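Student: Heads up: the protein sequence lines correspond to chains H and D, in order.
Everything in the first sequence is counted per our numbering, starting at 3 for the first residue and increasing by one.
Everything in the second sequence is counted per our numbering, starting at 3 for the first residue and increasing by one.
It is worth saying that the hints were derived from the structure and are not from the lab.
Please read all numbers here as calculations on a predicted model, not as lab measurements.
Watch out, some of these pointers could steer you wrong.
To be verified - Okay, derived cross-link-like pairs now, SDA-like style, lysine to any residue, Cα gap no bigger than 20 Å in a straight line:
hint	chain 1	residue 1	chain 2	residue 2
1	H	259	D	62
2	H	259	D	255
3	D	259	H	263
4	D	259	H	271
5	D	259	H	254
6	H	259	D	273
7	D	62	H	177
8	H	111	H	263
9	H	259	D	260
10	H	62	D	180
11	D	259	H	270
Claimed, not checked - Some chain D residues flagged as far from chain H (calculated, every beta-carbon gap over 12 Å):
hint	residue
12	74
13	128
14	173
15	242
16	254
17	270
18	273
19	325
Glycine included, C-beta positions come from ideal geometry on N, C-alpha and C.
There are 2 protein chains.
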Amino acid sequence: MTVTVAVDAGGADLGAAEVAAGAAIAAERGVRVRVFGDARLIGPAAPGVEIVDAPVSIAKVPDPASAVRAAPQSSIVQAARAVAAGDADALVSGGSTGAALAASLFEIKRAHGVYRPALAIPVPVPGHPVTFVDVGANAEVRSEHLVQFAFMGAALAQVVLDVERPRVALLSNGVEPGKGTRTLVDAHRELAHRAGDAPEALEFIGNIEGTDFTSGVADVVVTDGFTGNVALKLMEGVSETLLRAVRTAATSSHRAKVGGLLLRRALGELREELDPEDPGGAYLLGLRGLVVVPHGRFTRRGFSQAILRAARGVEGDVIGRTHAALAAAGALRRPPSGRPSMSDAPDSVTSP
Amino acid sequence: MTVTVAVDAGGADLGAAEVAAGAAIAAERGVRVRVFGDARLIGPAAPGVEIVDAPVSIAKVPDPASAVRAAPQSSIVQAARAVAAGDADALVSGGSTGAALAASLFEIKRAHGVYRPALAIPVPVPGHPVTFVDVGANAEVRSEHLVQFAFMGAALAQVVLDVERPRVALLSNGVEPGKGTRTLVDAHRELAHRAGDAPEALEFIGNIEGTDFTSGVADVVVTDGFTGNVALKLMEGVSETLLRAVRTAATSSHRAKVGGLLLRRALGELREELDPEDPGGAYLLGLRGLVVVPHGRFTRRGFSQAILRAARGVEGDVIGRTHAALAAAGALRRPPSGRPSMSDAPDSVTSP
Numbered sequence: 003m004t005v006t007v008a009v010d011a012g013g014a015d016l017g018a019a020e021v022a023a024g025a026a027i028a029a030e031r032g033v034r035v036r037v038f039g040d041a042r043l044i045g046p047a048a049p050g051v052e053i054v055d056a057p058v059s060i061a062k063v064p065d066p067a068s069a070v071r072a073a074p075q076s077s078i079v080q081a082a083r084a085v086a087a088g089d090a091d092a093l094v095s096g097g098s099t100g101a102a103l104a105a106s107l108f109e110i111k112r113a114h115g116v117y118r119p120a121l122a123i124p125v126p127v128p129g130h131p132v133t134f135v136d137v138g139a140n141a142e143v144r145s146e147h148l149v150q151f152a153f154m155g156a157a158l159a160q161v162v163l164d165v166e167r168p169r170v171a172l173l174s175n176g177v178e179p180g181k182g183t184r185t186l187v188d189a190h191r192e193l194a195h196r197a198g199d200a201p202e203a204l205e206f207i208g209n210i211e212g213t214d215f216t217s218g219v220a221d222v223v224v225t226d227g228f229t230g231n232v233a234l235k236l237m238e239g240v241s242e243t244l245l246r247a248v249r250t251a252a253t254s255s256h257r258a259k260v261g262g263l264l265l266r267r268a269l270g271e272l273r274e275e276l277d278p279e280d281p282g283g284a285y286l287l288g289l290r291g292l293v294v295v296p297h298g299r300f301t302r303r304g305f306s307q308a309i310l311r312a313a314r315g316v317e318g319d320v321i322g323r324t325h326a327a328l329a330a331a332g333a334l335r336r337p338p339s340g341r342p343s344m345s346d347a348p349d350s351v352t353s354p
Numbered sequence: 003m004t005v006t007v008a009v010d011a012g013g014a015d016l017g018a019a020e021v022a023a024g025a026a027i028a029a030e031r032g033v034r035v036r037v038f039g040d041a042r043l044i045g046p047a048a049p050g051v052e053i054v055d056a057p058v059s060i061a062k063v064p065d066p067a068s069a070v071r072a073a074p075q076s077s078i079v080q081a082a083r084a085v086a087a088g089d090a091d092a093l094v095s096g097g098s099t100g101a102a103l104a105a106s107l108f109e110i111k112r113a114h115g116v117y118r119p120a121l122a123i124p125v126p127v128p129g130h131p132v133t134f135v136d137v138g139a140n141a142e143v144r145s146e147h148l149v150q151f152a153f154m155g156a157a158l159a160q161v162v163l164d165v166e167r168p169r170v171a172l173l174s175n176g177v178e179p180g181k182g183t184r185t186l187v188d189a190h191r192e193l194a195h196r197a198g199d200a201p202e203a204l205e206f207i208g209n210i211e212g213t214d215f216t217s218g219v220a221d222v223v224v225t226d227g228f229t230g231n232v233a234l235k236l237m238e239g240v241s242e243t244l245l246r247a248v249r250t251a252a253t254s255s256h257r258a259k260v261g262g263l264l265l266r267r268a269l270g271e272l273r274e275e276l277d278p279e280d281p282g283g284a285y286l287l288g289l290r291g292l293v294v295v296p297h298g299r300f301t302r303r304g305f306s307q308a309i310l311r312a313a314r315g316v317e318g319d320v321i322g323r324t325h326a327a328l329a330a331a332g333a334l335r336r337p338p339s340g341r342p343s344m345s346d347a348p349d350s351v352t353s354p
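Given only the sequences and the hints, what does the whole structure look like? Please build it.
Tutor: Written as structure tokens, this is what we have:
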């Protein structure tokens, strides 16, 4: 089966042509790509890549939820509609997570039985990435949301990041089950119970503290979108500040400069290992199609990784697996008896 | 005036003698120190240091709140009682934050008009430390608690860390005032209002995201004890993992090893700048006396720093300043009209 990925080229910092170049790399590896963006900026299409002219972008607007309704011709809405209509199997949209989330909720819609879509990001950690969910879609959550996030993140890690049986942890201020907010304590109890009914989906290892995020004990770390967003950006800031301080130290004297030059290659390898482009960006989970959001500043390599991982997610049926795991665990949302399911109505979500 | 600091030597990893050695360093600089611990382990007292034999320690017990009541002869309770009785001006207790908090609430008591004590830690950031509050005393908070934390942290930064007019920020998932949980949005509005009435106490700079924690824009960063605890430990974990990866890179080849040797001195200076012993540890704010909690693994240097900074806090009247700022800002807790104030009753607090 050939997978088709719809790509919105509207929000990339390096321009639509860079996104199309990423699409060409992915197409060489056998993925069909439909790129939605300003055709004049992109130029001729590479083999396996189709360009759909969509010059309107809402990637930079302040209120993406309204913009999605007001601009149905925008590149992100067209790309999302292609997935909804079955003309593409997954969506990749660089730049604005808010716009991608709004367009996806509007067109692709939430998966049946899922309370809230969540944003997951594979955080590059030396050794192996840690899938972190939710990093910003839901500032406030209930315990049953966190339980679903755990299964959604685990399915992503299994299919897209090749982790056989993901070790899933809740991020808390202590390892004891009673530590954390009331919501988190409830989620711990529910998840411990649910995980037993879906043993292939994940291994629940309980709470971890912040120190253990990078220690390799967990493959998937679950939290609410407020804590996750703060934590993710904190890690980015601390990493940048520290690596800059090391660079500054390596230019502080003649002796240090020589040392820095000799170390350059080894540190370059570390930087590659920490490369945020490799895992493809952030993933919107809990929708009826897989949506990947590479960072707007990514190069063609990051966009090609996003497309290739989205295709892998389709081939491995991450959506179907998520549903099956939630069903086996008894963690699907049940419609109120005698009334139609409301699970398709988009929640109001905090754009990350 | 000579300041007297009561020091609990019960919980230090390196033993009571190491704490006493730290006390001796502080005493050389003019602080009187009363060390509560096992006198047999400590040996003869240095000039300016008094040893009070208190061999019982509750630093490692699982439930410090009960232990404080059950073991009034323990070193931490005796040291806290010395402050409550006016025999010492401040408390330093290494090892267990939970035991220090429980003993302080029980003996020293909350300051009038303060809702909740909070735990603040000066995080070592290249350039200058950032005072982070609350890092674990209150997993769940109300907006008026966060407002008080801001003034408490600012007074600490002014008196103990020499920041003239601290720039105070709320940690959130976006810089806009409407970002974050409902509690945080309320706190933003209240703090913007209150800060105007106490302009000498602090400058409120609004929300910051995690990326800006280490960028130098804020002197004091305010959050709830759940997010703060997770964030603090995450920063510790990321820093350790990164510096270890740099060390590994510097031994990955002969060439890299030579580079690492040449860089050793410059990186040593960076490590000194990031030394967690320098700011003295964590601070319990909102009590009727200043309480400093050095980390259990600190050496004599860290304990001496904690004692010296506690003494500076007494000389600069951090407690009085906090009260004055809260009063000027209209942020003190008011007793219900016609009923006695309940502000002395200890809340149930989450031990960090």
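Student: Each hint needs a verdict: does it hold in this structure or not?
Tutor: For each hint, the structure was consulted:
no.: 1; hint: H:259 x D:62; in the structure: violated, 47 Å
no.: 2; hint: H:259 x D:255; in the structure: holds, 18 Å
no.: 3; hint: D:259 x H:263; in the structure: holds, 12 Å
no.: 4; hint: D:259 x H:271; in the structure: holds, 15 Å
no.: 5; hint: D:259 x H:254; in the structure: holds, 19 Å
no.: 6; hint: H:259 x D:273; in the structure: holds, 18 Å
no.: 7; hint: D:62 x H:177; in the structure: holds, 16 Å
no.: 8; hint: H:111 x H:263; in the structure: violated, 52 Å
no.: 9; hint: H:259 x D:260; in the structure: holds, 12 Å
no.: 10; hint: H:62 x D:180; in the structure: holds, 19 Å
no.: 11; hint: D:259 x H:270; in the structure: holds, 15 Å
no.: 12; hint: 74; in the structure: holds, 27 Å
no.: 13; hint: 128; in the structure: violated, 5 Å
no.: 14; hint: 173; in the structure: violated, 6 Å
no.: 15; hint: 242; in the structure: violated, 8 Å
no.: 16; hint: 254; in the structure: violated, 5 Å
no.: 17; hint: 270; in the structure: violated, 9 Å
no.: 18; hint: 273; in the structure: violated, 10 Å
no.: 19; hint: 325; in the structure: holds, 29 Å
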